[in-house]
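The residues making up each chain are set out below.
Number of protein chains: 2
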Amino acid sequence: MKSYLDCIPCFFEQALRAGRIATDDEQVLKQLMDELGKRLHQISLDNTPPETGRLIYRIVREITGNSDPFQELKHQSTREALALYPSLKRTIEESDDSLLTAIRIAIAGNVIDFGASATFDIETAIKEALENDFAICDYSAFKDKLAETEEILYIGDNAGETVFDRLLIEQMNKPVTYVVREKPVINDATIEDAVQAGIDQVATIVSSGTDAPGAVLNTCSPEFREMLNQSTFTIAKGQGNYEGLSSEDYSIFFLLKAKCQIIANDIGVIKGDIILKGMNTGT
Amino acid sequence: MKSYLDCIPCFFEQALRAGRIATDDEQVLKQLMDELGKRLHQISLDNTPPETGRLIYRIVREITGNSDPFQELKHQSTREALALYPSLKRTIEESDDSLLTAIRIAIAGNVIDFGASATFDIETAIKEALENDFAICDYSAFKDKLAETEEILYIGDNAGETVFDRLLIEQMNKPVTYVVREKPVINDATIEDAVQAGIDQVATIVSSGTDAPGAVLNTCSPEFREMLNQSTFTIAKGQGNYEGLSSEDYSIFFLLKAKCQIIANDIGVIKGDIILKGMNTGT
Numbered sequence: 054m055k056s057y058l059d060c061i062p063c064f065f066e067q068a069l070r071a072g073r074i075a076t077d078d079e080q081v082l083k084q085l086m087d088e089l090g091k092r093l094h095q096i097s098l099d100n101t102p103p104e105t106g107r108l109i110y111r112i113v114r115e116i117t118g119n120s121d122p123f124q125e126l127k128h129q130s131t132r133e134a135l136a137l138y139p140s141l142k143r144t145i146e147e148s149d150d151s152l153l154t155a156i157r158i159a160i161a162g163n164v165i166d167f168g169a170s171a172t173f174d175i176e177t178a179i180k181e182a183l184e185n186d187f188a189i190c191d192y193s194a195f196k197d198k199l200a201e202t203e204e205i206l207y208i209g210d211n212a213g214e215t216v217f218d219r220l221l222i223e224q225m226n227k228p229v230t231y232v233v234r235e236k237p238v239i240n241d242a243t244i245e246d247a248v249q250a251g252i253d254q255v256a257t258i259v260s261s262g263t264d265a266p267g268a269v270l271n272t273c274s275p276e277f278r279e280m281l282n283q284s285t286f287t288i289a290k291g292q293g294n295y296e297g298l299s300s301e302d303y304s305i306f307f308l309l310k311a312k313c314q315i316i317a318n319d320i321g322v323i324k325g326d327i328i329l330k331g332m333n334t335g336t
Numbered sequence: 054m055k056s057y058l059d060c061i062p063c064f065f066e067q068a069l070r071a072g073r074i075a076t077d078d079e080q081v082l083k084q085l086m087d088e089l090g091k092r093l094h095q096i097s098l099d100n101t102p103p104e105t106g107r108l109i110y111r112i113v114r115e116i117t118g119n120s121d122p123f124q125e126l127k128h129q130s131t132r133e134a135l136a137l138y139p140s141l142k143r144t145i146e147e148s149d150d151s152l153l154t155a156i157r158i159a160i161a162g163n164v165i166d167f168g169a170s171a172t173f174d175i176e177t178a179i180k181e182a183l184e185n186d187f188a189i190c191d192y193s194a195f196k197d198k199l200a201e202t203e204e205i206l207y208i209g210d211n212a213g214e215t216v217f218d219r220l221l222i223e224q225m226n227k228p229v230t231y232v233v234r235e236k237p238v239i240n241d242a243t244i245e246d247a248v249q250a251g252i253d254q255v256a257t258i259v260s261s262g263t264d265a266p267g268a269v270l271n272t273c274s275p276e277f278r279e280m281l282n283q284s285t286f287t288i289a290k291g292q293g294n295y296e297g298l299s300s301e302d303y304s305i306f307f308l309l310k311a312k313c314q315i316i317a318n319d320i321g322v323i324k325g326d327i328i329l330k331g332m333n334t335g336t
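Chains as they are written, first to last, in this note's numbering: chain R, 54 to 336; chain Y, 54 to 336.
In short, the hints are calculated from the structure, not lab data.
Please note that a few of the clues may not be correct.
Put simply, identical chains are the same to the list, so a pair is met inside one copy or across any two.
[Said to hold, decoys possible] Below, computed lysine-lysine pairings styled on DSSO-like, alpha-carbon distance capped at 27 Å:
1. K91 to K55
2. K312 to K324
3. K91 to K180
Could you put together the complete structure from these sequences and hints?
Put into structure tokens, the structure is as follows:
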């Protein structure tokens, strides 16, 4: 997905939000805004938003001198999600369609996104994801493809959300390769965050090679791109991965909550909707 | 009121909103964003938001080549407000406290603000202003000062809102000098807009000399500043005038709706609240 003009004010909001996690020095934060302003002409609308996110968080690191401002918040999100794990596991096991319930819960976890907002309410997100209708629900194709495949490529998104992914991975009951970001960017999950969530107990964790907050292919490693080429069943979580991959030719199931108006418009849904969308999956 | 870091993303939103009124050429709009980005380091947080608004709309004019993109929207707002005039006049005359009702209606008119939002609902704003409690209501001091004064200085805000101001001016029943902006900026009222609203029938219209979307004193004419110095009863409408004048030493009654979170925080109210706030008025 390319960027839209309306993404530009949001880039400044994102930079400010991330900057504020790193410092409360107003002068440094103003300098951060100014630096993004200066480089704005280098940001093409043909770039995907996570490509620009990558640049923004580089500027945040550069100006604030903090290489991972979200580290503690990420650990905290994972701890909080792990505390919910037993009751969510029970909800899945007791439901009529455990796979669909696990998908709903995995999407609920996508609300843990400090790139999209400074605050979120995970309990409400779970309740909504369990009760609300999907705006797009390619569940039938998802089940068919899952039954056929021998292994799963699962492109993760944020720390904490990883725990919700683990529940879906356990439910799918096939060998999974779980993909994380190479370097810290916003609260996106790295290997460390995936391990904290216990993903190493249910999947093989690999890095996509990128430091963008989404699978932006030209910033990913050749090994990851080859995996994507070879994959017979791919799941991509969250907005950043949707933005990075939605214009590519791969067969992918996107699981996300449309947290911003621009993405909602791009997909043709309403902000806040939950989505299970198959791309090039024969749906 | 100084600017806050959170105003910065909003500056880009405002520029984009104004730019889109002037052109739908995406490349020109991107150029507008880039130009604002380049000049961001020149914008100090010590500036009031309307000082920056002035710069933004200069860039909009410069990049789009359109010196008054809001002209037609302003005429339309005034026509729509004039259509409401008879029924609003009746509402005021039939109410128990006609002056307070006229104040409420004048504040409702403040919702006609293309700087704060691309859309608004005047009917809902009127209903809310007539029914909701004031968050700050220095009405008693307002009445006392009004009874004492021999003339009124009324600093207007937006085109269309002018019609609502006219209703309050008629109700106060004292000689009024009505102040407008010198040059078009956003949908702020100029002499032409005030005349279209019929203000010339109830007040003397003067220009403040500014092309900022608010009474930013160092951009106003010496004549206007002298009027403000001499005034025994001053009303200032809207956010832009509040932002421009709230750190000055004059005695002023501000009538506004807090349409943005930053101003709401600055005043100590909730976004959407209606306010009649006396500054240095002995309240």
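Checking K312 and K324: alpha-carbon separation at most 27 Å within a copy, between copies, both or neither? both (6 Å within a copy, 22 Å between copies)
One pair to classify: K91 and K55, alpha carbons no more than 27 Å apart. Within, between, both, or neither? This pair counts as both: shortest intra-copy Cα distance 21 Å, inter-copy 23 Å.
First find the shortest C-alpha distance between K91 and K180 inside one copy, then the shortest across copies, and answer within, between, both or neither for a cut-off of 27 Å. Answer is neither; intra-copy 43 Å and inter-copy 45 Å both fail.
Hint violations for this structure: number 3 only, all remaining hints satisfied.
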